[in-house]
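Protein chains: 2
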Amino acid sequence: MIGSIAAILTTFAFLPQVVRVVKTKDTESIALGMYVMQVIGIALWLAHGFHIGDLPLILANSVSFLLSGIILIYKLKYK
Amino acid sequence: MIGSIAAILTTFAFLPQVVRVVKTKDTESIALGMYVMQVIGIALWLAHGFHIGDLPLILANSVSFLLSGIILIYKLKYK
Numbered sequence: 001m002i003g004s005i006a007a008i009l010t011t012f013a014f015l016p017q018v019v020r021v022v023k024t025k026d027t028e029s030i031a032l033g034m035y036v037m038q039v040i041g042i043a044l045w046l047a048h049g050f051h052i053g054d055l056p057l058i059l060a061n062s063v064s065f066l067l068s069g070i071i072l073i074y075k076l077k078y079k
Numbered sequence: 001m002i003g004s005i006a007a008i009l010t011t012f013a014f015l016p017q018v019v020r021v022v023k024t025k026d027t028e029s030i031a032l033g034m035y036v037m038q039v040i041g042i043a044l045w046l047a048h049g050f051h052i053g054d055l056p057l058i059l060a061n062s063v064s065f066l067l068s069g070i071i072l073i074y075k076l077k078y079k
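Residue numbers (the UniProt record's numbering), protein chains in the order written: chain B, 1 to 79; chain A, 1 to 79.
To be clear, the hints were calculated from the coordinates, so they are not data collected in a lab. Be careful, since some hints might not be right.
Identical chains share a label here; the pair holds if one copy fits it or two copies do between them.
[What the hints assert, rightly or not] BS3-like mimics (lysine-lysine), calculated; alpha carbons at most 25 angstroms apart, straight line:
#, residue 1, residue 2
1, Lys75, Lys25
2, Lys23, Lys75
3, Lys25, Lys79
4, Lys23, Lys77
Because the structure is a prediction, the values reported are computed rather than measured.
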């Protein structure tokens, strides 16, 4: 139960940041390295999830991958 | 193996952002809501880790809690 709430919070934590960069196109104080590491790391979590066939891992990391991917794209586009 | 690399990447992804905010004190484009959710979510992951006695979960989330906590403190201090 605590684990599920934890998973939901850390998965959707990227959402306020996505909303902010999409609205403002301001990514000045965001570290590029953070989102490069996040996107690669989350892609590997996803691969791991498929490998062990774990649905919660696949679902949570699909959402995180999408959200942090959007932030990375905005960071690369609007430096 | 893929899971371990994934864990290391997503855990230490916060580090470039910590270095950036500590150096520049610039947190303008960082969403407060993201780090509020991260810090609470990671604290719950940590609680879950202690509950099920899983050392990797405890170690990874201790590091993430510290790093995202620093970003949250800087965001609150230098708006």
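Tested hints:
Within a single copy, Lys75 and Lys25 get their C-alpha atoms as close as 9 angstroms, and across copies as close as 19 angstroms, so both meet the 25 angstroms cut-off. For the identical chains of this complex, Lys23 and Lys75 are neighbours both inside a copy (13 angstroms) and across copies (19 angstroms), given an alpha-carbon limit of 25 angstroms. For the identical chains of this complex, Lys25 and Lys79 are neighbours both inside a copy (9 angstroms) and across copies (18 angstroms), given an alpha-carbon limit of 25 angstroms. Both within a single protomer and between protomers do Lys23 and Lys77 lie at most 25 angstroms apart by alpha-carbon distance, with minima of 14 angstroms and 23 angstroms respectively.
No hint from the list above goes unmet by this structure.
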